[in-house]
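Here the protein sequences line up with chains A and B, keeping their order.
The first sequence begins at 1 in our numbering and counts up by one.
The second sequence begins at 1 in our numbering and counts up by one.
Since the hints were derived computationally from the structure, they do not count as laboratory data.
All values reported here derive from a predicted model rather than from experimental measurement.
Note that the Cβ used here is the ideal one computed from N, Cα and C, for glycine as well.
Don't take every hint at face value.
Stated by the list, open to error - Here are some of the chain A residues that sit facing chain B, going by a computed Cβ distance under 8 Å:
| # | residue |
| --- | --- |
| 1 | R58 |
| 2 | P76 |
| 3 | D79 |
| 4 | D81 |
| 5 | E82 |
| 6 | V100 |
| 7 | H103 |
| 8 | I109 |
As the list claims (entries may be wrong) - Computed list of lysine to any residue pairs in SDA-like fashion (alpha-carbon distance at most 25 Å, straight line):
| # | chain 1 | residue 1 | chain 2 | residue 2 |
| --- | --- | --- | --- | --- |
| 9 | B | K180 | A | Y86 |
| 10 | A | K105 | A | V47 |
| 11 | B | K111 | B | F163 |
| 12 | A | K41 | B | R150 |
| 13 | B | K238 | B | G277 |
| 14 | A | K105 | B | R150 |
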Amino acid sequence: MKKTRLSYGIAALLLSLAVHGSIAGQKPAPNEVTIDNFSYKPQTLTVSVGTTVTWINRDDIPHTVLSTDKTTIVSPALDTDEKFSYTFTAAGTNDYYCSVHPHMKGRIIVQ
Amino acid sequence: MRGEIIYDHNHDGIDRRGFLKCMAWAGTGVLWTVYGGVLKSYGLDKVISGQAAPAKGALSFVQISDSHIGFSKEANKDVVGTLQVAIDRINALPTPPAFLLHTGDLSHLSKAGEFDTLDQVLKGCKAKDVHYVPGEHDVLNDNGKQYLARYGKQARGDGWYSFDYNGVHFVGLVNVLNLKAGGLGSLGHNQLEWLEDDVKGLGSDTPIVVFAHIPLWTVYPDWGWGTDDSAQALSYLKRFGSVTVLNGHIHQTMQKVEGNIAFHTAMSTAFPQPAPGTATSPGPMKVPAEKLRSVLGITDVNYVQGKSSLAIIDSPLAS
């Protein structure tokens, strides 16, 4: 019982670090894409099948995540600090962009 | 006239000093007047203070842009307040403008309440007639359906339309929908077809004013400041003697003359954006609170008889 509580404690600490690190503009957490300064970071992210990727908007301007095929990934407009998640169920390359600022482009490679 | 820059269609364009001055300028509105087929713009503060006097009997109208109602971040926590100041300045003009043009980004997030607030503030303007085009912030999540229902009932397609006033032909275009990955603003095939047909029957001496949200000339493609198929649209306007293109989107004034076409972008009433390439991104620029009103503005237009020239006078909300 005590061991379990300790594990929860460590997990909470790690989660807190991850969240804090992201806010500070450091490296995004695994499977997270930060939208900052009108760009997706990392611009290319490689994940395994079944992974849920989360985008979080750190800009003062709304952005979206839209597949170039305009059907696979379709997020609503994300205001500041809003998040959007998508689970990739098939291997392949997923190119996407911001439908509001189409010069912003990103890629998720699913293996 | 101090602070006035003459667009001379017979020469290459504006002088360097004037260009730099306009680059630095940000105000709250511009009065445009049309007289004898020539468009002229005045900064509102100069008009109100009597330093600039638009010709009497000329058509004058005001362009406002990028009010971003709903924005509440550091760059301006009171966008309703600054829009109100812009309206107050328009109401203080000695000669009321015939109408307003709003060149898009009425709202920040396309929310019904944001459009409601904008409508409420504009009700306080003496000029009751307002012609709109949407910005990308007005068509979020629904491809512009709500915008069209509110502001584009008389419009075609996604919200484009034209109208005539005192012999001037005005064309409102939509370049914020169906944007392609890696691309810029887009007008699209249907709108281009409509535009070609719309101006077909007009005499070449008809003054043309085109207004749209994203610039119809390539200002800075790295930040998406341009329109992919604008050259096609402008090709339909080459035969006209006087064409003026009014845009918003970049939250700063910039101007260019190319042949018979004069391009002008307006300031925002909400927050400034950096000059092209001077920041890591085109996001809202934070300036000290006491300087904010010096980088927000509106635009007045005026046609002057006899000369094929367009003049611009700088006009911040507060100096």
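Cross-check of the supplied hints:
1. R58: 10 Å, violated
2. P76: Nearest chain B Cβ about 5 Å off; hint holds.
3. D79: The hint holds - D79(A) has a Cβ within 8 Å of chain B, the shortest such distance being about 6 Å.
4. D81: 11 Å, violated
5. E82: Violated - the Cβ of E82(A) stays beyond 8 Å from chain B, reaching only about 10 Å at its closest.
6. V100: 5 Å, holds
7. H103: This hint holds: H103(A) lies near chain B, its Cβ roughly 4 Å from the closest one there, short of 8 Å.
8. I109: This hint is violated: I109(A) lies away from chain B, its Cβ roughly 17 Å from the closest one there, beyond 8 Å.
9. K180(B) - Y86(A): 21 Å, holds
10. K105(A) - V47(A): 18 Å, holds
11. K111(B) - F163(B): 28 Å, violated
12. K41(A) - R150(B): It is violated: about 37 Å lies between the C-alpha atoms, which goes past 25 Å.
13. K238(B) - G277(B): 31 Å, violated
14. K105(A) - R150(B): 32 Å, violated
In this structure, the earlier hints numbered 1, 4, 5, 8, 11, 12, 13 and 14 are contradicted, and the remaining ones agree with it.
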